[in-house]
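*Asks:* Quick mapping for you: the protein sequence lines, in order, are chains U and F. Quick note on numbering: the first sequence equals residues 0 to 450 in numbering that gives the first Met the number 0. Quick note on numbering: the second sequence equals residues 0 to 457 in numbering that gives the first Met the number 0.
These aren't lab readings, by the way, just hints derived from the structure by calculation. Glycine included, every Cβ here is placed at the ideal spot set by N, Cα and C. Keep in mind that a hint or two might mislead.
Think about it this way: if two alpha-carbon atoms lie no more than 20 Å apart in a straight line, the pair counts; the simulated DMTMM-like pairs of lysine to aspartate or glutamate are [said to hold, decoys possible]:
#1 F/K312 <-> U/E323
#2 F/K312 <-> U/E184
#3 F/K436 <-> U/D326
Facing chain U, a subset of chain F residues (Cβ under 7 Å, in silico) [unchecked claim]:
#4 Q60
#5 T281
#6 A295
#7 R299
#8 G318
#9 R319
#10 L334
#11 D425
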Amino acid sequence: MKEKKLTRRGFMGAAAGVAAFTVVPRSVLGGAGQTPPSEKVNIAGVGIGGQGGSDLRSLEKETNIVALCDVDWRHASGCFKRYPNAKQYKDFREMLDKEDKNIDGVVVGTPDHMHAIVSIAAMKRGKHVYCEKPLTHTVREARMMAEIARERKLATQMGNQGQAGEEVRLLCETIWDGAIGQVREVHVWTDRPLNGTNKWYWPQGVDRPTGEDPIPESLNWDLWLGPAPMRPYKNRVYNPFVWRGWWDFGTGALGDIGCHSLDPVFRALKLGYPTSVEACCTMVNNETYPVASRVTYEFPARGDLAPVTVHWCDGGMRAPRPPELEDGRRLDTNGTLFVGDKGKMLNGRLLPESRQKEYGRPPKKLERSPGHYTEWVIACKGGKPAGSNFPDHAGLLAQVVLLGNVALRPALKEPKVFGTKLLWDAKEFKFTNMPEANQYLTKAYREGWAI
Amino acid sequence: METKKNRTMSRRDLLRGTAGAAAFTIVPSHVLAGAAGQRPSDKLNLAAIGIGGMGAYNISQCSTENFVALCDVDDAYAAKVFDKFPNAKKYKDFRVMLDKEDKNIDGVVIATPDHTHYVVAMACLKHGKHIYLQKPLAHSILEVRKLTEAARAAKVQTQMGNQGHSSDEIRMLYEWIADGAIGPVREVYTWSDRPVGGDPWSDFPVMARPKDTPPVPATLDWDLWLGPAQYRPYHPVYCPTTWRGWWDFGTGALGDMGCHILDPAFWTLKLGHPTRVEATTTHYQPEVASETYPRAAIIRYEFPARGDMPPVKLTWLDGRLLPPRPQDLEPGRRLEGNGALLIGDKGTIMHGSHGAGGVRIIPEVKMKAYIRPNKAIPRVKGGQSGHEQDWIRACKDGKPASSSFDYGGPLTEMVLLGVLAMRVKDTPLEYDPVNLKVANNSEANKYINPVFREGWAL
């Protein structure tokens, strides 16, 4: 039993029966996706100008890209050129209607506020979904995505590519080998959003600009907004890319990086839902996420594993320096520190480095991945579920990440609840000690948009 | 009344040196400097430098005494206070004032921006004046050390403007800690909502140096405002109020609030000099980071064991960041925007910003069950509001004020070491308090010993 737990499938928490499916073609199970292993999966991309386009490039050899959709055709032009045979759409709903028979799966690379809208529409048509991280814009959407994918037995994968890598496997194996003993404390930090200091990052802690700019001809602004409340278009304020910092569209630094950097923590420590989430931050308003925040999650004991506190920190601030870190070495701008009873691991390596050298490699217990994108393709063909599939992993991870954003809501922070810890009841899907926080688990959808 | 008046008059004459200089030469200088033999009913003759902002409040708290001279680099900013004291001489340059009024003043209240604390206070000390000086004591560690030593050598009475140090509550805290109310303390958290607390004195912008050069207001002597700081063109983002946010003039949120919020732990735990300090801050653009303090910072200090007290890890958080919510705090009870947590082996104490205000053992049931020790530390008359008067009392009876430089100096050094750590953030600094050096980082050392503009000496 213990041995089994340590297999990759086991630690992902997949249902016991899943093992049997690996040799059975998906069609036998009656789920969607009729593609036999010998044929290519037909996919469509929605939101293709940024990371979505990059996802398609990673999938182009193993799939047929048959349709492309973006609300901004200028932004999408590079992708259109690369796949000249794919049909072009602006409205994903129209695409799903017209291409229903031609596509097996959809790759969603829209801004966060559209993820669930597009993904759920696709899944309701029985399409497999590859969706960028963080899975969704709200906690409720993340839970829904996991439920729908499970019910319909669809092949799903979230865009946290790191999960397929060697590093996370070595980390898990080292920790399961007992190299640092019981882990009760983890620190995860990122330099995002870097205060919007270069073109790769985005502003937070700013207010909504006044005025209005002419909407570029290539862009359907109404469609870009989707379920979000209407607001005037402003050039380069919301799109492309810099939507991340706005409450209405993005999920801030935590949403951007949390699904990457907390993923190994979830896997190595077999985390489920936390019992509490607590957040503090620099001045925050109702428009954008703060310049910097700290979020603390408490997770209960899991079997033999001790309760653990996970400390998140963004905006450029770093974890307390571990005394084991050698003089002259600095903590990186982004990092993860596991604090165990018998040692520490920084960015996947034991501290100090001499200990890592002495320890060498852990016993190999986890299956290696054929690659993050290939995992999804295999799953689409009825193979093994992908490593970051929605029901078993990504849904949970995204919910937990987004719970942190709920705790950052300005209305919950002042004046009366400065420093309040939200107690989370995962089963009932609510905070037990602050009912007014529950409204932020979901959001209002603009008329005409529903999940 | 007659006798008092006579005495006052005679003393004033003495100080002014009007009645005949020859007679005064036989009066020992320490009598004048230390005001030994002066009676409490005698009024001090005071001057004030930097009077438009916090200085105005400090002056009003000293209204029992005579203000004979007032000095500010900005007539307009000082106008309200000037008007209140029509008989006081008005000056722009503190050096001129000290020269001209040397014989007429016993003490000086100083509330200039941080970057001129040192030059102003040192000049006053050289003239043998008692000093009430706003916190933080100075702008750099070396300045603080020199002022502390010079004040001791001058044998004058000093008080740093961390008024919380005169509170009843900080004394209560001292007694509780000494009583073992929460056992040995190994961990302390301190925090502040600055630089966005909503207080115009403490809020400051995070920005690059402005490129526009508005004209200097006619009322302002900009060169004098800059004092020892390197020259830069005038801009209203520096003065009168928001200099705190600029490296060259202020000491940031930590320098502003640290002397209040760190004071109780520093005193009651007898922390002394830290051995190690490390800062991490929000990221900001290089052109901004080179000019202003960050939006938020976390400073982590390590203090060694002191006698039978164990080593302490002390964390400072600003920019509205908070420590982890303590387990002992009852649900629904909030953390204030500014405060501290002292975590002992047997319990936790929480307090607010100034002078351990609102100090409580948490949770409340534990506070209520605690049998308080007898008062062992004498209280300051008037508590926190009596801070300025405690200095006046010291000037008159010769017994040190509650936060004399002998205390305020080391407290500020500790605070400024954290400020220094922000300059070389994410690097642990090992501090050698004897030689005033960071042992393991040469870059850090240049901030201990700043370069003054020509014409200004350190």
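*Asks:* Checked against the structure, which of the hints given earlier come out wrong?
*Replies:* 4
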